[in-house]
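Enquirer: The lines below spell out each chain.
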Amino acid sequence: MDRRSTLKWILTASAAMPLLVRRALSEGAAAAQKTAQPPHGYGTDPDLIKIYHPGDVWPLTLTAQQRRTAAALCDVIIPADSVSPSASSVGVVDFLDEWVSAPYPRQQEDRPLILEGLRWTDAEAGRRFSKDFADLGESQQHAICDDICSEKAAAAQFAQAAKFFARYRDLTAGGFYTSPVGRKDLGYIGNVPLAKFDGPPADLLRKLGLI
Amino acid sequence: MSFLTSSTIEKSYDVIVVGSGAAGGQTAYTLTMEGATVLMLEAGRKYVPELETPMFQTPDQAPLRGGDTPDKRFGFYDATVDGGWQVPGEPYVLTTEDPAGRFDWWRSRMLGGRTNHWGRISLRNGPYDFKPHSRDGLGFDWPISHEDIAPYYDKVEMLIGVYGSSEGLENTPDSPPGCLLPPPPPLLSERLIQQRARRIGVPIIPAHRAVLTEKLDFKRSPALLHPGNLKAQKIIAADMQRRAACFWATPCGRGCAIRANYQSTTVHLPPALATGKLHILTDAMVREVKLDKNGLAQGVVFIDKTAGTSHSVAARVVVLAASACETVRILLNSKSAQFPQGLANSSGKVGRYLMDTVGSSLSGQIPLLESLPPMNEDGASGDAVYAPWWLYKEQQAGKMEFARGYHIELGGGKQMPGVGTMRGAEWLTGGSYGKKFKEDARRYYGSFVGFAGRGEMIPNENSYCEIDSSVKDKWGIPVLRFHWQWSQHETRQAAHMQKTFAGIIDAMGGRLKDGPITDGSKAISPGGFIIHEVGGAIMGANQASSVTNQWCQTWDVKNLFLTDGAVFASNADKNPTLTIMALAWRSADRILDLMRRKEL
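Protein chains in written order, with this note's numbering: chain A, 1 to 211; chain B, 1 to 600.
FYI, nobody ran anything at the bench for these hints, they're computed from the structure. Bear in mind that the values here come from a model prediction, so they are computed numbers and not experimental data. Even for Gly, the Cβ is constructed at its ideal location relative to N, Cα and C.
Just so you have them, the derived chain B footprint on chain A, three or more residues with Cβ under 8 Å:
{"hint": "1", "stretch": "80–90"}
{"hint": "2", "stretch": "102–113"}
{"hint": "3", "stretch": "150–163"}
{"hint": "4", "stretch": "167–173"}
{"hint": "5", "stretch": "179–187"}
{"hint": "6", "stretch": "199–211"}
The whole structure should be built from the sequences, with the hints applied where relevant.
Expert: Right under this line is the structure:
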């Protein structure tokens with residue numbers, strides 16, 4: 001669609017957004033589906049020079065409990081390792097809160113999916129281990145996530161939870177890899193002015209059989 | 001002070017130019033550099049790229065990590081103000097919700113218009129592209145040939161700065177020495193595409209983009225651009241020296257504060273303003289062109305959007321360069337006793353033969369590009385290479401199921417991670433999370449390539465726009481209603497694109513998540529999505545079948561010119577902007593000539 005050079009679809013593995021779910025994951029989801037109605041987005045002529053933080057344009061809406069579960073879950077998806085810290089330590093929960101609190105249609109569609117998914121995650125942790133998800137040990141958290149981490153492989157009773165997890169992982173990754181440490185983790189070293197652009201190094205061209 | 005208000009503009013000018021993008025910018029540049037006084041009217045706000053361009057801002061500094069929203073369709077940092085396929089308060093009407101029959105109209109309400117964010121791909125139309133009907137019996141011939149416009153392509157390339165090369169390929173014109181800047185080195189992924197695409201017969205050559213890979217030749221070019229005009233030469237030489245070369249960072253789509261790519265606001269308008277001959281009025285929405293008692297254009301009526309008031313201004317010549325559809329809208333809204341169907345519409349052709357570009361895209365994942373070491377692949381922020389159409393002979397021999405060609409834009413590499421990074425990656429990762437997911441992200445980042453076909457649409461009777469009888473915009477101006485239909489030439493071409501892209505990806509050892517789409521009607525982007533809309537007031541050889549002559553001068557009103565894409569009689573696969581500028585320069589030369597001869 002965009003002839004405009006940056007070709008953003010190149011950066012993503014998917015051709016389209018996953019089909020979003022309006023239906024509740026389980027009974028009793030009505031409360032979770034209550035959508036915030038912030039007054040407006042940033043409009044069609046926002047200041048592009050200013051540096052924004054989540055909450056600057058529309059209010060954040062997640063409760064402390066939701067944020068706690070959100071943090072635990074995004075750190076299961078992107079934990080600290082030898083290369084970089086965890087997702088929650090670089091502001092990904094704020095980003096997720098900004099996302100589900102945003103007034104735009106795509107985000108408003110994600111909101112019930114995410115809020116109900118967080119609720120389901122805690123409920124499932126309680127059912128299996130009598131604790132909140134955030135209070136589980138790593139192997140307990142993995143026991144739940146292993147059941148929902150693949151939309152393709154998930155058992156029928158976890159299908160909706162797997163849809164939630166797929167979307168949540170997408171958002172967690174989007175938040176993490178757009179942060180400075182996420183960029184560094186991937187080895188992105190651009191966005192700096194260069195006097196000269198030489199193209200790929202010769203050893204790589206040789207390795208790929210291009211020279 | 002060259003930016004005026006509706007109360008400080010002069011009563012009359014040599015020329016009024018409506019619009020400030022590629023067409024308006026080029027028209028005003030040529031006219032003012034050669035001494036004419038010009039009032040430029042722009043419907044959007046004043047825009048200053050040097051101050052407003054988010055050059056090094058990163059996604060984490062933007063709302064929603066810079067991702068697209070209905071407010072900013074191409075992402076937060078895209079250089080579009082008050083624009084998109086929907087503009088608040090400025091509706092248009094569709095006759096169907098069916099994607100096959102819809103046309104969506106992208107506008108941008110800012111000085112410089114869409115040139116601030118465009119892809120900068122600057123391809124010349126070839127000889128066949130001006131005589132398509134003669135070649136295959138479809139569509140219309142232009143009243144000019146490639147030879148007529150080639151000198152203007154030379155000038156535009158020298159003025160704005162275009163990188164590329166001359167390869168001597170069929171219907172893919174070479175530029176004379178001294179016109180093009182050197183192309184940038186291809187990225188690793190582009191090199192791999194080049195190698196593998198050639199194996200299946202698809203040529204990959206340096207792309208042409210309006211980006212300064214070097215500083216412009218301010219010593220040689222000015223005399224060629226403005227022969228015998230020392231003042232103009234001096235102005236443009238000074239301005240060329242003020243434009244920096246690309247520093248290989250920051251996306252062109254945000255615009256460029258160092259003026260290293262072409263946008264009207266950084267290339268056409270500064271020297272035109274330096275002449276002292278150009279007045280610019282922004283937030284001025286033109287409603288109609290007014291005629292005098294002799295049937296000549298006397299000026300325009302516009303709405304001052306800041307005050308909501310209506311004003312008139314007069315000129316010897318009126319140029320509409322408002323973008324194809326907006327120009328058509330102004331003509332159709334300019335009704336008079338002489339032109340009850342709209343101005344310059346004695347042929348009934350105003351609004352007819354609206355065209356966009358055929359678009360279809362496919363991306364793949366390439367194992368050979370996985371887990372590569374860090375390297376800076378920002379490059380020139382766009383294609384270093386592309387594939388020009390390569391099957392002319394097969395088409396001529398009747399071996400293809402569609403009549404016209406397409407070129408392939410492509411890309412890949414370690415671009416700045418965006419909010420979509422690793423989105424929907426389960427098909428690769430099997431659903432990993434945790435440390436494995438982080439390892440997968442390192443492995444797959446930068447291993448994707450994408451292909452976008454850009455093909456020729458043949459004008460047809462069912463793709464057109466007209467004025468809606470009831471809907472008006474917030475200024476009270478009647479709006480356009482669009483009708484759209486692709487022919488099988490376009491849908492079959494889109495299916496061919498998909499097959500070609502899948503073939504290249506396969507030749508790279510790559511894999512597809514989805515596709516290729518074999519049904520062309522599903523593979524083709526909806527009308528207006530490629531934002532190459534042209535036509536609607538086509539030029540031709542006679543008054544009965546066209547709206548303007550070869551000089552973009554309307555047949556019906558001799559001091560009314562249309563210098564934007566509205567006059568295109570065909571829409572070659574080549575992106576239209578360079579041709580718009582070349583035609584506008586040629587038309588402005590004609591206006592100057594006629595004014596000197598007192599014929600206008």
